[in-house]
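Note that the protein sequences, when read in sequence, are chains A and B.
Numbering-wise, the first sequence is residues 1 to 367 according to my numbering.
Numbering-wise, the second sequence is residues 368 to 558 according to my numbering.
Hints may contain errors.
[Said to hold, decoys possible] Only pairs whose alpha carbons sit at most 25 Å apart, straight line, appear in this in silico PhoX-like list of lysine-lysine:
| # | chain 1 | residue 1 | chain 2 | residue 2 |
| --- | --- | --- | --- | --- |
| 1 | B | K375 | A | K58 |
| 2 | A | K355 | B | K375 |
| 3 | B | K494 | A | K60 |
| 4 | A | K355 | B | K483 |
| 5 | B | K483 | A | K58 |
| 6 | B | K483 | A | K57 |
| 7 | B | K394 | A | K334 |
These are computed hints drawn from the structure, not numbers from a lab.
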Amino acid sequence: MSEYNLIDAIERYIRGEMTPAERVQFEQLRKTNADIDQQVVEHTYFMKELHHFAGRKKLKSLLNEVHWQLSDQGQIHEMHSTGKAKFIYLWKRYRRVAAIAAVFAGLTTLGVISLISALSPNPQQKIQLLKREFDEIRKEQKSQKAEVKNLREQLNASSKNIHYKSGGTGFLLDEKGFIITNAHIIRKSKNVIVSNYKGEEFSAKIIFKDEQKDLAILKVDDKAFTPPQKIPYGFSRLESELAEPVFTLGYPRNEIVYTEGYLSALTGFNNDSLTCQLGISANRGNSGGPVFNRDGEIIGILSNKETEAEGVVFAIRSKYIFHLLDEFKKENPKFSLKISEKSVLKGASRQFQVKKIQPFVFLVKGD
Amino acid sequence: MKQSFDEKALLEGLLNHNPKAVEIIYKESFHSIQSLIINNNGSSDDAKDIFQEAIIVLYEKLRSGNLNLNCQIKTFLYSVSRRLWLKRLQVQNRQYTTGDSLEPVIQVDDELELQKQRDADFELMEKAFQSLGEPCKSLLEAFYIHQLNMQMIAKKFGYTNAESAKNQKYKCLVRLKKIFFENYKNGNRDE
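Starting from the given sequences, assemble the full structure and let the hints guide the process.
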């Protein structure tokens, strides 16, 4: 009996699916063959453990789904009492001290201001005169500029829409409106527009570019933009495995599109270690889109600019997102930009994961 | 029609992964546990973790054939969560600030002692799965956890037919079993 046949027989035996005759025969075999007997015992134990494991895993994902669903419906809500409570507590405690300090500060300021105005000479008239002249020149310049702009716009009016066509995908790094995308999508752009899956458009600024990694960071600077809740996905620091199933969301056309595939090589074009190769169908517009593993962790960013071949797609590995952020922080210490490494989508069904991720993926258009 | 559950039906529902039952348990018990944790140096995420861990303790208890709770589900979950959170605070050297609330509490130390062993068993299998590699890992998960049938698996993974998917599943199962028992014998349990 081959090993597979044996396992098949053991499984049917455990599940009680054997015919009575078969059963008698199998029990006879167990009695005469100690090795098989041992295997039956071992396999029974193993299958018990496996089913136990599977049951718990299944429950875990059910729990996550129920949690999300209930918080979506507002039946459970997150509480953030610690931070607030501490603040209120401190406020209550130091309220009087703060009030006294404020009064003193106010008095001092007034004193200093009156002192300065009393002591300083009065060159204000001259300055005002100069300023008026300057204002007039500026006004003239403005009207000239507007005219030039007008003319230029009339010239460009027809071609402007076409310019915006060069686009790709990007997704939120945090809740403050930082979006990551491919640098090549917006290489020559001055104005960038992002739009979400509902088609709402927001203006954005390019704040950081790394052409070598082909990555760029945008910041949505539109007042109309309200970030959608909490980011459900995390960024993976781990190396991905060959054949691991992956999926992506992107904008190959104006509507958001889901595709799935697998990791087909650990390196990219010409053994490039920056990227890895995916077996997934993606178009130009997918460029800059997030690549997720089954747990909803981002393992890379699609970047299919080098290839014209079909079904061969490269993705920049997520570890370079971390590198990019390190560089970005070094150059822009005033921004605080933190990304999560924890995905709350672990174990959830794919439909659910996609539903949750969707609001965070944007169409990126540059002129 | 609104489905109604008494406590016993809820427990059975939990054991059988019934979404409605899990939802009811969640709605009835989550809030008191969340406020316990948040008032004691925790976050909403902590509350979610601890609460789900407590449900798993309950699930394991039911699985082991013990369907009698001797108290309300809510009380059991609260007691387990409280104990788990105290432990975690101890590990992180943080303090448990407020005294106990008015929620009733039962003794759960024995149950948590049993849970330790179950967690170790679970991790042993998890570890075996982790070192299994793809596509075996996904294939076995599809069959045993997501309970897809062989036709669906063949389609999803691109096998020509259900029979060859089944064959592949056996190969993977044998590999998983081998890794599992190797770890088992190497005493990886204590790691």
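Okay, the hints, checked on the actual structure:
no.: 1; hint: K375/B to K58/A; in the structure: holds (21 Å)
no.: 2; hint: K355/A to K375/B; in the structure: violated (34 Å)
no.: 3; hint: K494/B to K60/A; in the structure: holds (17 Å)
no.: 4; hint: K355/A to K483/B; in the structure: violated (35 Å)
no.: 5; hint: K483/B to K58/A; in the structure: holds (20 Å)
no.: 6; hint: K483/B to K57/A; in the structure: holds (17 Å)
no.: 7; hint: K394/B to K334/A; in the structure: violated (42 Å)
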